[in-house]
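*Asks:* Sequence:
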Amino acid sequence: MAIVTCQDLRLAFGVHPLLDGASMTLEAGERVALIGRNGSGKSSLLRILAALEGADSGEVRRQQGLRMVYVAQEPQLGGFDTVFDAVAQGVAEARELRLRFEAHAPGDDLDALQTRIELLGGWNWEQRVQEVLQRLALQPDDRVAELSGGQQKRVALAQALAASPDVLLLDEPTNHLDLEAIVWLEQLLAGFRGSVLVISHDRAFVDAVATRIVELDRGVLRSYPGNYSAFEQRKARELADEALAQARADKLLAQEEEWIRQGVEARRTRSVARIQRLQQLRGQRAARREVLGSVRLELDRGESSGRIVAELQDVSKSFGELQVVRGLSAIVLRGDKVGILGPNGAGKTTLLKLLLGELQPDSGRVRLGSRLQVAYFDQMRAALDPQATLADTISPGSDWIEIGGARKHVSAYLGDFLFPASRARSPVKSLSGGERNRLLLARLFARPANVVVLDEPTNDLDMDTIELLEQLLQDFAGTVFLVSHDRRFLDNVVTSTLAWESPGTWREYEGGVDDWLAQRQRAGQAQAQAQAQAQAGAQPATQASAQAPQAAAQPPARRKLSYKEQRELEQLPARIEQLEQEQRQLTERLADPALYREAPQQVAQMRTRFDAIEQQLSETLQRWQDLEDLGAAS
8 MAIVTCQDLR
18 LAFGVHPLLD
28 GASMTLEAGE
38 RVALIGRNGS
48 GKSSLLRILA
58 ALEGADSGEV
68 RRQQGLRMVY
78 VAQEPQLGGF
88 DTVFDAVAQG
98 VAEARELRLR
108 FEAHAPGDDL
118 DALQTRIELL
128 GGWNWEQRVQ
138 EVLQRLALQP
148 DDRVAELSGG
158 QQKRVALAQA
168 LAASPDVLLL
178 DEPTNHLDLE
188 AIVWLEQLLA
198 GFRGSVLVIS
208 HDRAFVDAVA
218 TRIVELDRGV
228 LRSYPGNYSA
238 FEQRKARELA
248 DEALAQARAD
258 KLLAQEEEWI
268 RQGVEARRTR
278 SVARIQRLQQ
288 LRGQRAARRE
298 VLGSVRLELD
308 RGESSGRIVA
318 ELQDVSKSFG
328 ELQVVRGLSA
338 IVLRGDKVGI
348 LGPNGAGKTT
358 LLKLLLGELQ
368 PDSGRVRLGS
378 RLQVAYFDQM
388 RAALDPQATL
398 ADTISPGSDW
408 IEIGGARKHV
418 SAYLGDFLFP
428 ASRARSPVKS
438 LSGGERNRLL
448 LARLFARPAN
458 VVVLDEPTND
468 LDMDTIELLE
478 QLLQDFAGTV
488 FLVSHDRRFL
498 DNVVTSTLAW
508 ESPGTWREYE
518 GGVDDWLAQR
528 QRAGQAQAQA
538 QAQAQAGAQP
548 ATQASAQAPQ
558 AAAQPPARRK
568 LSYKEQRELE
578 QLPARIEQLE
588 QEQRQLTERL
598 ADPALYREAP
608 QQVAQMRTRF
618 DAIEQQLSET
628 LQRWQDLEDL
638 GAAS
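The numbering of the sequence shown is the working numbering, which starts it at 8 and goes up by one.
Treat the hints with care, since some could be wrong.
Using C-beta positions, here's what the derived DEER-type ranges look like [stated by the list, open to error]:
1. Gln70 <-> Leu475: 52 to 58 Å
2. Glu365 <-> Gln534: 51 to 57 Å
3. Thr356 <-> Gly85: 53 to 59 Å
4. Gln481 <-> Gln632: 22 to 28 Å
5. Thr122 <-> Arg591: 54 to 60 Å
Calculated directly from the structure, the hints in this document are not laboratory data. Note that beta-carbon positions come from the ideal geometry of N, C-alpha and C, so glycine has one too.
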């Protein structure tokens, strides 16, 4: 049953309307992800549905008595002193009504007040607030002004949940949340009893949460059942069909224009109907809104750095009693793409500064490579001057820049990042969050660099731009340090991960987030198995103590890998790649809705094979690790 319906919404601020006859419904209990390009009007639509703004025309119908709560992209919590005060704002109406009931004045309708209080659950609002605080791991007495961005987002979500809404409207809820918090939010929304409409650029999050995708494309809303993976395949086919239809229409228009320009004889024989069709084709072409172009990303690599970019030997760093890094040793080579993963406050920025030589360790040694040219992307956008123009931000004092040895006008370069020439002299403060991130990328890539440092680069970027940035970083021959909580982005870019294990402890893993999780799980299982074997085979204490000196005198024998083992070790990477490729192909097939219509009998076989590959991968990776450890010990 539809609880929210919008029909023929129209909203315009510039040349093209943001909403151009947009219509959609939200059903009870469903979780819808609203996606679209930056600046397409997603946030405006969310605020219209929340009754915070109005459309130029159209209609929004809501079920009677429906309770909707909107959580903004950047929570506004400045008016609250403590976390408890902020969260309790979610039950403000219930609090006020109960106070009125308890201190009622003559003439108050107590029956009506009591009915409304019971409807809102106002008799026990303190208990509701405490339960939400406990569920979201928030301390009620913490000062709101001292909270991090991620903690403030938790408080805003707690405020919304305390209201017990029927509909949650969330605008980029994963921004500023660490990986653990994002997984927690996925579980929270999966168990939420009401409906959810969420704007998000995090593809893994959307895949885990959404039951339906709604895309805002050139002012129109289009609905796609299923998750983001299914949407991607269907959307690609739609765009290909649209391009083909437009190419045919353009060809027909060109033919008719050629006919109308022919000589006197052709004009004598032309028909009224054909002229009318030409006018109609011209009108259709003029009214057509093309697909918004893609950002054209190009990174000036500069000269090559030395082979070693950074080497850390037993490095430790503390701030007072807080130990951020303890005994870390690592080597980063030219071309490595290193992901840095950890919760908010773990010290990821400190670790970056140690790797770049911007911060000296308390103990240990940091050795930097030669000829390093570093480009830094700051998630807080500190490098942007709000009063400067877009052109001056890219190329101060000049209308030209050089990219890879080629000279380019700054307006044309801004056009590569979807900024029209008319906005080149606009101030930075006029840009949206996503546009500021695009501008920062444009500024970053305008300078030659062989080391690129990206701190949460995907915040506020649309999915198309994120995918293009992924491709750029994959093809970049230099070194990349990447701090991000976007799991799909990390998996598609990095070759190794420095992951936070416990306060001060960082450990290096091969691969991205999925690889880190798999390796950590295997390590935990191996440790548990070793402990179980040790307990099962434990000897009496007296016997063990008698044998201890002898055991200490005979350390485990070390040996070199045999020829057969060495050959096996060399062949394992190719075998792993083959299994992963087959697994990717199966994932694509299983995400295709057509499979379930055309060949449903194959689904069970594919899932069985997928599980078998997962087991083979786990065993192969473990064998690879065992052989490498054996070779390193010899």
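*Asks:* Give a verdict on every hint.
*Replies:* For each hint, the structure was consulted:
| no. | hint | in the structure |
| --- | --- | --- |
| 1 | Gln70 <-> Leu475: 52 to 58 Å | violated (40 Å) |
| 2 | Glu365 <-> Gln534: 51 to 57 Å | violated (36 Å) |
| 3 | Thr356 <-> Gly85: 53 to 59 Å | violated (25 Å) |
| 4 | Gln481 <-> Gln632: 22 to 28 Å | holds (25 Å) |
| 5 | Thr122 <-> Arg591: 54 to 60 Å | holds (58 Å) |
In the structure shown, a violation is registered for the earlier hints numbered 1, 2, 3, in ascending order.
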